[in-house]
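Chain order of the listed sequences is L, B and H.
The numbering of the first sequence is numbering that gives the first Met the number 0, which starts it at 0 and goes up by one.
The numbering of the second sequence is numbering that gives the first Met the number 0, which starts it at 0 and goes up by one.
The numbering of the third sequence is numbering that gives the first Met the number 0, which starts it at 0 and goes up by one.
Don't read these hints as lab results, they were simulated from the structure.
Cβ atoms here follow ideal geometry from the backbone N, Cα and C, with glycine treated the same way.
A few of these clues could be false.
Pulled a few chain L residues facing chain B out of the computed Cβ check, cut under 8 Å [claimed, not checked]:
| no. | residue |
| --- | --- |
| 1 | R126 |
| 2 | R218 |
| 3 | E265 |
| 4 | G490 |
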Amino acid sequence: MDIKDKISTLVPGVEFKEQGDLIAVIPAASFHRAAEALRYDKEDAMDYLRDIVGMDWGETLGALYYLESTTTHARIVLRTETADRENPLLPSVSDLWKTAVIKEREAFDFFGIRFTGNPDMRRIFLREDWVGHPFRKDYDEKSNELNMNNEVNADVTTEYTLKADGTLTTEKHVVFEPDDFVVNVGPQHPSTHGALRLRVALDGETVKRVDPVCGYIHRGIEKMNESLTYPQTLALTDRLDYLSAHQSRHALCMCIEQAAGIEISERAKYIRTIMDELQRIDSHLLFYSCLVLDMGGFTPFFYGFREREMILQIMEETTGGRLIQNYNMIGGVQADLHPDFQKKVKEFIKHMRGIIHEYHEIFTGNVIVTTRLKGVGVLSKEDAISFGATGGTGRASGWANDVRKHHPYGLYDKVDFKEIVYTEGDSFARYMVRMDEIMESMKIIEQLIDNIPEGEYRVKTKPIIRIPEGNYSTSVESSRGEFAVFLESHGDKTPYRLHYRSTGLPLVHALDTACRGQKIADLIAIGASMDFVIPDIDR
Amino acid sequence: MKYEEFKNNDYLENMVKELQANGVNVAVSKLDDLINWGRSNSVWSFLLGTSCCAIEFMTLGAARYDMARFGFEVTRNSPRQGDVLLVLGTITNKMAPLMKRLYDQLAEPKYVVAVGGCTISGGPFKKSYHVVKGIDKIVPVDVYIPGCPPRPEAFYYGLMQLQRKIKLEHFFGGVNRKQPKPIEE
Amino acid sequence: MNTSFLDYYSIQPVTSWIHEALCSVMPEALAIFIECVVIGVVIVALYAVLAIILIYMERKVCAAFQCRIGPNRVGGKGGLLQVPADVLKILTKEIIRLKNSDHLLYDLAPYLVILASILSFSCLPWNKGAHILDMNIGILFVLAASSIGVVGILLAGWASNNKYTMIGAVRSGAMIISYELSLGIIVLSMVVLSETASISGIVESQANGWNLFKGHAIAILAFVVYLIAGNAEANRGPFDLAEAEQELTAGYHTEYSGLHFGFFYLAEYLNLFITAGFASTLFLGGWMPLHVAGLDGFNAVMDYIPGVVWFFGKTFFVVWLLMWIKWTFIRLRIDQVLVFEWKYLMPTSLLILILMVVLKVFGLVF
């Protein structure tokens with residue numbers, strides 16, 4: 000049955016928008032019922048909530064729900080609106096998808112939409128004493144001065160419930176009891192991979208509860224995008240997840256090209272795909288280094304960096320940048336490949352294949368490593384899907400979620416590669432997924448590197464691009480999960496709302512489930528094996 | 000690096016002149032030189048890595064650039080034991096009080112190096128509502144290393160400038176940390 | 000077996016000559032007092048110099064394992080003055096006093112750690128006739144003295160009033176006390192083999208063969224167990240849970256700065272040296288030269304190398320072994336560390352003790 004008919008029978012009189020993505024506009028009153036029916040649909044359950052995008056449409060606030068089925072990989076967008084701006088309320092779907100808990104917190108933080116039924120309605124990125132909600136169009140940017148007082152974190156969360164007669168009741172949930180031994184891990188901590196803060200309740204050495212506090216590197220990129228022209232928005236994507244700089248920018252370029260109807264050349268597609276895969280190897284090597292470092296091994300750390308340096312050199316020759324390359328442009332890439340590019344890439348692959356056994360000898364086969372990683376921090380497949388833990392973390396739990404396979408972009412439909420899936424769901428599986436993906440990425444590059452066609456590397460585009468009204472989205476498989484761009488255009492030269500799907504936010508959210516009952520040393524190892532990058536979480 | 004290759008020699012020479020004007024005796028200044036030699040060659044970094052620059056700092060420690068050669072070997076993770084607060088990456092409004100606290104926790108003598116465009120001025124995020132436009136508004140900065148992120152060579156140049164700066168300090172006499180005398184009632 | 004070479008090694012004549020020379024110009028009590036002061040200064044100076052050498056060695060060794068160069072700019076070629084620079088820096092660094100800490104215990108802790116380390120350090124047999132502390136139960140004294148260190152670590156963790164230091168201190172307390180057992184039992188088995196508990200006696204009993212070879216495979220097993228337990232005692236990787244940089248930022252000494260932190264840092268390296276020193280004393284014959292039965296010419300050449308060189312050579316070899324282990328393995332988890340000790344290492348060391356006694360009783364050793 001067609002998805003449109005299905006929703007129409009669920010909610011009579013539903014409206015569909017088809018500029019760009021297919022959007023079903025569902026009134027808030029019947030939203031939860033419709034979402035539940037889609038979530039538990041018999042033949043095509045929409046069990047993966049990709050993202051919730053809070054919106055400010057002037058008259059009303061609201062949210063877009065991007066859903067996907069893990070069996071057929073069909074996608075649908077649901078749109079719902081609040082009744083007014085002053086007291087915006089929406090029904091929570093946190094009972095259907097676990098990831099909604101944290102995504103709804105984000106929407107609350109940015110737009111002030113209160114979700115009734117969500118057990119945790121604290122702010123997530125901004126300080127708890129922040130005034131106003133910055134993503135609303137009428138937010139005054141001067142309203143919050145730099146506050147140098149230390150922030151106090153509440154140990155209780157609030158749940159709002161809407162009674163049948165329209166009154167709002169609140170209920171308190173306790174995060175940490177007063178006599179819990181709460182340890183702050185972060186935001187300045189050697190192994191939180193940036194400015195993440197975890198409040199951890201301990202029972203001796205055993206982790207009782209993990210409560211992530213984000214926002215220490217929240218730079219308001221999405222809000223800034225609303226005042227930048229489309230070519231200007233590109234620069235900020237590289238700084239989101241700096242280890243997936245190419246891939247993130249690739250996603251945004253594809254989204255704008257798709258919306259503006261720009262066709263890119265075959266050569267540009269080849270270059271982009273090869274660069275994406277080089278970036279993936281780069282990121283996974285860094286993952287290896289950081290994992291071993293977090294577990295107390297210093298020497299293997301240097302192995303990862305030794306090979307990574309070769310990739311950085313290759314990238315620098317062509318793009319001019321080592322870590323952040325600013326290479327993809329609307330219509331192609333910024334510069335043509337360096338004449339030595341092909342030769343050096345081939346040399347690197349040969350070198351890497353010859354040396355990867357060293358990585359496994361010093362680390363993978365070590366008995367301490369296997370006892371510390373195997374069976375630790377297990378995330379079940381159901382949990383991984385419900386949390387939306389994409390990328391290597393999801394694939395280690397048995398969830399085949401590779402965007403390159405299921406929604407091919409670039410040249411991924413033309414190359415032959417294996418989607419690495421493990422079923423254990425523990426830290427060791429997460430580690431092995433990355434190590435195997437290095438090999439797969441090299442396979443992809445080998446298939447492409449000799450066949451780069453001649454031609455334009457960049458199609459000329461106008462300096463100011465206007466995108467027709469509508470909602471557009473693209474997703475790519477970044478180094479650490481599904482990175483997606485959600486764009487709503489109102490026909491201007493600047494986006495009305497440009498939202499990025501964070502690959503790390505669901506992983507941080509899943510930490511609590513994975514770490515309970517484990518030791519404090521495991522918390523660090525599990526965090527490292529999930530491989531999140533904090534600026535991408537906080538945006 | 001050779002002395003002539005540094006680009007801001009006149010600035011340091013002026014500083015030396017200014018310091019020498021205050022004058023200390025020979026024995027003390029020799030002892031000062033020894034201590035400064037020790038301090039400048041043993042700069043233990045304390046990292047506040049929030050984003051991209053921290054990754055480039057890691058390559059600085061790795062085999063190719065190997066900062067252990069110069070005496071930056073040890074990175075301590077406790078502010079009590081570090082000498083230089085390396086701020087690597089954007090400082091947001093939420094992070095600012097914490098950075099101030101970390102600076103306060105450092106033991107004297109302490110230095111601050113601002114790495115990357117974000118820490119110097121807010122960089123590409125200057126227009127954001129949640130980014131501190133330059134950490135020098137909050138803590139005193141000794142060396143700025145621009146770049147987004149800076150290359151490892153730039154890191155070296157910056158850290159060597161810091162070493163040069165440390166060498167001009169006076170341990171005895173306290174001219175460097177001159178504070179206005181409190182007005183006596 | 001010919002043991003005349005032992006006389007060549009002895010520095011006894013020198014020391015007694017000095018003592019007599021002093022006694023001839025002053026009363027004996029004053030002479031002894033002066034000697035004690037001199038020896039004390041020598042120990043502390045040696046302690047500091049060795050720490051510098053060890054830190055430099057560690058940096059160079061780990062750099063070699065990590066495909067790096069390591070320090071090579073400070074102080075000319077090879078970065079020889081890198082560690083002195085660090086020392087100067089630490090000496091002139093501010094010592095922070097915490098507002099909400101137990102000041103007395105907080106200040107006491109680093110001194111306890113360094114005291115324990117110096118006490119066991121002075122028991123090392125450098126050469127024949129160069130034992131500084133030598134008594135008939137010397138090895139038991141070492142075990143007792145080195146255990147004081149854990150009190151210092153526990154105090155440091157407790158008095159700092161910080162959650163990380165507390166976890167680090169409790170970890171190290173649990174770990175060191177557990178591994179002390181294995182260590183003690185292994186030492187006992189060597190005492191059985193050497194028939195004495197005096198350190199100089201243990202070394203001299205190895206004149207006709209090192210304990211490592213005398214006790215067959217059991218002694219080799221004992222050596223391995225000693226290295227593991229000793230590594231844990233010295234709080235070094237893969238047993239550096241008390242410091243556990245990636246988990247507890249700096250472990251029990253998170254809140255210490257300046258000289259106080261320097262003491263912990265020194266003690267860590269010296270404990271490594273002490274562990275290695277006693278490994279060479281107990282198993283590798285201390286200052287005894289290497290002799291191969293039957294090769295008299297070779298043995299004679301070996302005899303010309305001074306004992307102190309032998310001692311340092313062996314000790315630094317063991318230090319290098321321990322560094323190799325540290326820079327290869329990743330850190331264990333606290334429950335694994337304890338399970339490993341109580342379920343495997345303890346029974347093994349008990350078994351070693353029993354087998355050693357059996358061997359000795361039936362005269363099956365060399």
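Structure-based check of each hint:
This hint holds: L/R126 has a C-beta 6 Å from the nearest C-beta of chain B, less than the 8 Å allowed. The beta carbon of L/R218 comes within 5 Å of a beta carbon in chain B, closer than 8 Å, and the hint placing it at the interface holds. Hint status for L/E265: violated, given a least beta-carbon distance of 32 Å to chain B, over 8 Å. Checking L/G490 against chain B: minimum C-beta separation of about 23 Å lies over 8 Å; hint violated.
In this structure, the earlier hints numbered 3 and 4 are contradicted, and the remaining ones agree with it.
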